[in-house]
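So the sequences go chain by chain: A and B.
Under our numbering, the residues of the first sequence are numbered 1 to 103, in order.
Under our numbering, the residues of the second sequence are numbered 104 to 259, in order.
Derived from the structure by calculation, the hints contain no laboratory data.
Just so you know, not all the hints are guaranteed correct.
Claimed, not checked - List of simulated lysine-lysine pairs, DSSO-like, C-alpha gap at most 30 Å:
id, chain 1, residue 1, chain 2, residue 2
1, B, Lys-148, A, Lys-32
2, A, Lys-48, B, Lys-189
3, B, Lys-248, A, Lys-92
4, A, Lys-74, B, Lys-248
5, A, Lys-48, B, Lys-142
6, B, Lys-142, A, Lys-74
7, B, Lys-148, A, Lys-54
8, A, Lys-32, B, Lys-242
9, B, Lys-251, A, Lys-76
10, A, Lys-95, B, Lys-251
11, B, Lys-251, A, Lys-54
12, A, Lys-48, B, Lys-248
13, A, Lys-67, B, Lys-202
14, B, Lys-142, A, Lys-6
15, A, Lys-48, B, Lys-148
16, B, Lys-251, A, Lys-12
17, B, Lys-148, B, Lys-251
Source: prediction; values computed, not measured.
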Amino acid sequence: MANPMKIRAANKDGVTEIKVLMNHEMETGQRKDSSGAVIPAWYINEVKVELAGKTVMTAEWGPSVSKNPYMAFKVKGGKAGDKVVCSWTDNKGDKRTDEATVS
Amino acid sequence: MNTNTKRFDRRQILKAAGGLGIMAFGASMSPMAFAAWNKAAFEAKSLSDVYGALGAGSPSNSGDVQIIASDIAENGAVVPIQAVSKLANTEQISILVEKNPSALVCLFNLTADVLPEVTTRIKMGQTSNVTVLVKAGGKYYTATKEIKVTLGGCGG
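Here chain B stands alone, though its shape is the one from the complex:
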């Protein structure tokens, strides 16, 4: 009984949050905004849907964005990745895996004090192109690298 009410509340809150998210989209672009998890972007399946949900349009490829990772990941559950941007005023770094069930893996909002390089570990279901999306000075840039996975990380 108790859990039922709880679940219902949660659903309503999520619904309300979704609506607010769309309205507050412009406001939530500020790098200092916290508690503004971008549901639409994380549920988007394809790269272009993620770009749309983030308001990135069609970002251009840039040699100033680098992905540092090995070409072959033995274990898809733990793929170490370093994303580096050499662009001035880098505000945001995201990592996307094209063939994962949802493309967007993680998104880092950086303040001006943070050097534009982030290291983390991600899961990859299968061999795929990995794209790093960088927002710098209000514009979006990407870099792409294929990483081969010999053992998937998404179960099944």
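Extracted from the complex, chain A is given alone in its bound form:
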């Protein structure tokens, strides 16, 4: 069901920039389908990012994060070859973890 995330991580001058693009509907629970029935909410609510085995950031999201969520942030330290692991959980309990290597 859940498609892989795209993770890019690059180290420049001792700072690692991590960009993550996730694949998720992020349904708000506000919309109605053509027959007028409410489409139930379905969204990522917890996100965790690890760099070189250490958790650097966690996030809590609501349904008003855009469909196919994107986030970018910078971490002090890290080096080329370090592993970035990003995982999310949605409100239906579905999970996905993907990893990338710092370039």
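Starting from the structure of chain A, add chain B where the hints point.
Just chain B now, with coordinates in the frame of chain A:
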């Protein structure tokens, strides 16, 4: 049949989690706490309710908090926003949209290694004030910017 039991279980778990959430509120403030989705804060409708649920009290406006976003968003379903804090010891950055059905959009817990700037994309139902709430050194600060939406992002 199967799905019924499942649904019931889920409801019970949610209930239990809600109770625990209130009890464990103090403990869950640690930036390393994971799996502590703050249900009350995400269900709160108004800014002051969100501040209450996060334990932020009445945060003060600060020039050290910046919102980098265009003044007009053509498509409310995808509004790019960068939140930047220049305050020392920034632990948490949240983005709130005043006129969305639930004000709190997202909340990022940052460890000391993360630079206090986060970029993401949010949905906005209509033209509204967008507030960035920053927790730094145990205190809360905000910045607010109005973003005009020409096409709503919450259906309807």
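Determine which of the earlier numbered hints do not hold for this structure and return their numbers in increasing order.
-> Violated hints (numbers, rising): 3, 7, 8, 9, 10, 11, 16; every other hint is consistent with the structure.
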